[in-house]
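As you go down the protein sequences, you meet chains A and B in turn. Okay, so the first sequence: first residue is 1 according to full-length UniProt numbering, each after it adds one. Okay, so the second sequence: first residue is 1 according to full-length UniProt numbering, each after it adds one.
Check before you lean on any hint, since a few could be wrong.
[Claimed, not checked] Straight-line alpha carbon distances no greater than 27 Å define the calculated DSS-like cross-link-like pairs of lysine-lysine that follow:
| id | chain 1 | residue 1 | chain 2 | residue 2 |
| --- | --- | --- | --- | --- |
| 1 | B | K176 | B | K345 |
| 2 | B | K436 | B | K243 |
| 3 | A | K144 | B | K281 |
| 4 | B | K258 | A | K162 |
| 5 | B | K386 | B | K157 |
| 6 | B | K202 | A | K143 |
| 7 | B | K146 | B | K194 |
| 8 | B | K345 | B | K335 |
| 9 | B | K281 | A | K143 |
| 10 | A | K59 | B | K146 |
| 11 | B | K200 | B | K176 |
| 12 | B | K387 | B | K65 |
| 13 | B | K154 | B | K46 |
| 14 | B | K124 | B | K73 |
| 15 | B | K304 | B | K154 |
| 16 | A | K59 | B | K124 |
| 17 | A | K162 | B | K200 |
| 18 | A | K143 | B | K345 |
| 19 | B | K202 | A | K144 |
| 20 | B | K304 | B | K175 |
| 21 | B | K373 | B | K304 |
| 22 | B | K46 | B | K332 |
| 23 | A | K59 | B | K243 |
| 24 | A | K144 | B | K200 |
| 25 | B | K146 | B | K332 |
| 26 | B | K176 | B | K194 |
Please keep in mind that the hints were generated in silico from the structure rather than gathered at the bench. As the structure is a prediction and not an experimental result, all values here were calculated from the model.
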Amino acid sequence: MSTGAKKRWSFEKVAPVLFLLPSIIAIGIFVYGFIGWTAYASLSAWNSIVPDFTFVGLKNYIFLFHDFRFQSDLRNTLFFTIFFIGISIVIGLGLAILIDQKIKGETFFRNIFIFPMALSLVVTGVVWQWLLNPSTGVNLILKKLGVVHLPKWFVDTTVIPKIHWGVISFGIPVAILAVVIAAVWQMSGFTMAMYLSSLRAIPDELKEAARIDGATELQIYRKIILPLMWPVTLSTTIILAHISLKIFDLIYTMTGPGAGFVTDVPGVYMFETTFRGNHYAQGTAIAVIMLIFISLIIVPYLVSSSRKEAE
Amino acid sequence: MNKKSKVITAAAVMTSVLALTACGSSTTGNQGAPAGGGANKTADAKKSVEIFSWWTGGGEEEGLKALIQLFKKQNPDVNVINAAVAGGAGTNAQAVLASRMQAGDPPDTFQVHAGAELLDSWVKAGKMQPLNDLYKEAGWTDKFPKSLVDMMSKDGKIYSVAVDIHRGNVLWINKKIFDDNHLKPPTTFDEFFKDADILKAKGITPLALGDKEPWTATMLFEDVLLGELGPQGYDDLTQGKIKWDDPKVKQSLEIFKKMLTYVNSDHAARTWQDASQLVAKGQAAMNVMGDWAKGYFTSDLKLKPNVDFEWTTTPGTGSSFMVISDTFGLPKGIKHPEETKTFLKLLGSVEGQDAFNPLKGSIPARVDADPSKYDVYSKQAMADFKKDALTPSIAHGSAMPQGFVTQMNQAINIFVTQGDVNTAATTLEQDAEQNK
Numbered sequence: 001m002s003t004g005a006k007k008r009w010s011f012e013k014v015a016p017v018l019f020l021l022p023s024i025i026a027i028g029i030f031v032y033g034f035i036g037w038t039a040y041a042s043l044s045a046w047n048s049i050v051p052d053f054t055f056v057g058l059k060n061y062i063f064l065f066h067d068f069r070f071q072s073d074l075r076n077t078l079f080f081t082i083f084f085i086g087i088s089i090v091i092g093l094g095l096a097i098l099i100d101q102k103i104k105g106e107t108f109f110r111n112i113f114i115f116p117m118a119l120s121l122v123v124t125g126v127v128w129q130w131l132l133n134p135s136t137g138v139n140l141i142l143k144k145l146g147v148v149h150l151p152k153w154f155v156d157t158t159v160i161p162k163i164h165w166g167v168i169s170f171g172i173p174v175a176i177l178a179v180v181i182a183a184v185w186q187m188s189g190f191t192m193a194m195y196l197s198s199l200r201a202i203p204d205e206l207k208e209a210a211r212i213d214g215a216t217e218l219q220i221y222r223k224i225i226l227p228l229m230w231p232v233t234l235s236t237t238i239i240l241a242h243i244s245l246k247i248f249d250l251i252y253t254m255t256g257p258g259a260g261f262v263t264d265v266p267g268v269y270m271f272e273t274t275f276r277g278n279h280y281a282q283g284t285a286i287a288v289i290m291l292i293f294i295s296l297i298i299v300p301y302l303v304s305s306s307r308k309e310a311e
Numbered sequence: 001m002n003k004k005s006k007v008i009t010a011a012a013v014m015t016s017v018l019a020l021t022a023c024g025s026s027t028t029g030n031q032g033a034p035a036g037g038g039a040n041k042t043a044d045a046k047k048s049v050e051i052f053s054w055w056t057g058g059g060e061e062e063g064l065k066a067l068i069q070l071f072k073k074q075n076p077d078v079n080v081i082n083a084a085v086a087g088g089a090g091t092n093a094q095a096v097l098a099s100r101m102q103a104g105d106p107p108d109t110f111q112v113h114a115g116a117e118l119l120d121s122w123v124k125a126g127k128m129q130p131l132n133d134l135y136k137e138a139g140w141t142d143k144f145p146k147s148l149v150d151m152m153s154k155d156g157k158i159y160s161v162a163v164d165i166h167r168g169n170v171l172w173i174n175k176k177i178f179d180d181n182h183l184k185p186p187t188t189f190d191e192f193f194k195d196a197d198i199l200k201a202k203g204i205t206p207l208a209l210g211d212k213e214p215w216t217a218t219m220l221f222e223d224v225l226l227g228e229l230g231p232q233g234y235d236d237l238t239q240g241k242i243k244w245d246d247p248k249v250k251q252s253l254e255i256f257k258k259m260l261t262y263v264n265s266d267h268a269a270r271t272w273q274d275a276s277q278l279v280a281k282g283q284a285a286m287n288v289m290g291d292w293a294k295g296y297f298t299s300d301l302k303l304k305p306n307v308d309f310e311w312t313t314t315p316g317t318g319s320s321f322m323v324i325s326d327t328f329g330l331p332k333g334i335k336h337p338e339e340t341k342t343f344l345k346l347l348g349s350v351e352g353q354d355a356f357n358p359l360k361g362s363i364p365a366r367v368d369a370d371p372s373k374y375d376v377y378s379k380q381a382m383a384d385f386k387k388d389a390l391t392p393s394i395a396h397g398s399a400m401p402q403g404f405v406t407q408m409n410q411a412i413n414i415f416v417t418q419g420d421v422n423t424a425a426t427t428l429e430q431d432a433e434q435n436k
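Please work from the sequences and hints to get the whole structure.
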């Protein structure tokens, strides 16, 4: 009995380390090693096909923050993130509440709403590029319905309100809304699923007790259910935010950089400047900036959740 | 094992498996190489040649296959690896090529445009072998036009073999619209704007443009530059003898800006094919595009040259030929130099060029190819190719380094929406300085 206990003890100690070692090494090299290498390259003069690791300091970063295209990218990312997360959460929560009403054919509706998430963002991009094409898409229906001023969707170069800031005009680029529609279509099913599972986790007794106390359905939602949704809202926001900050495939297939870079994002700029223009140092600088943005959202979340776990 | 240790073990196994598969898939994903990694090794046992290109669709793939078939017939003991990488205008292929070259694993031969794309990158980096001996051996010294050979040479050394020629300065015209309005194909900017005004007054879109991918707008602008500066001035500009903020360049930007007032309003949502389709369907009268548009008209849309559509050179470029030429070179440190030279010899032969070009829709780079194998458009282009001044295209990476081309696409994209001539000229001059 005592030898068996000893064996089990040593196996439990050693096995996890042995099993985790390959992945720790692989992640160390392929994730953290390459992040370090990317940061190193971003400080170099490697802006042609021939590698050149002369140290140039923050030159590539300074170039970017003076660049029209990169400034547009930051503006676009800001508004894309706000609209994408906001609308996805509102629609997702709305759908979840509707489905939670024990309706007929619940599985059917749930699947329909979740289905877009199963598609690749590339497919979504191509489909919505056709649908929102100003001359061949939904505008044909609007035209039949007698709409005179047809929306130009992602071709629209208007920015409202046009405030001059740096070298760009700051404001909401109208074209970004077309991309937001496609992104929301893709992801609101996911937010619905998140909310639905959390709605289902609320014990019926809680609602029953409130009803007995004379609360209306609306009050139950406002005072009991929605406050209980906060943790889900937070984690959904974190997930959507990191998707939004690193988005590439949807925009690349749907609009590309767009006229006057109204739908351009750092991911697309990074790809084009690195792999088309061979400006490796500038490309890696964009990648590092993207990483910093994502870390700004993810790191506080990780810290707070690990603290909670410790408690 | 108790329950807890089972769970730990399972989790550990899962994590390592996931980590390993993730690494595996990301390496293949990054390289985007065709499923030839394994095939490579087995093929090494016998003689083989790996041909790297981005010819994966339409006529170009058929042309490449015809070439490979011809090569196999002549060299039955050599295994051909067709390492074509799909992706618009070679974007993906060029990224894969860059990583392979930098990793010291070059393909035996690869597709590269004559001019800066070859000379300012791979030749400058010392990755290519000169082919002067091959040219002498095959007797090619006077078979290619001198200015084309110059686009493939540095310090007297020739670095690649040209297989095809495309023309970039063609104005495609819907014949019915022009006939109905009693218009003649314009040859100068004045005539162009006169025709455009007449068409616009009748509610017809004069010029079709599809600049969803910004190179099409850059191409239109480079044709304006060529028309305004002439072949000599154009060469001086691309060689840095004229600055990009020169008054002549600014004048070209003004003309370009005026042209943009005649284009379809949804140009930013269209590709070049969509724009060509507007002309084909009679929804627009003219379109500036390379002569791959002819292949699109005749093979995809089944239009007849000189019946459904006609063509002329873009305004002011009557005696110039904007060259886009696909060539193949011989990288250093490859595994099969002998077989590759045999393949390059076939590429440069009349037989090889006549097998490839009619299918791709381009014209042969050799001046002594057989014109009877080509259609009416190509016959005319072949005649012009012999006598016109050859000017390398900027938009397709022949006249200026790729880094400049990417930045020029950006500057033109901004110019198309904002129309600020001075900003565009200053930006272009800065870009040219940065990419020297």
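Numbered hints the structure breaks, given as an ascending list: Checked against the structure, the hints that fail are numbers 1, 7, 10, 12, 13, 14, 15, 17 and 18, while the rest are satisfied.
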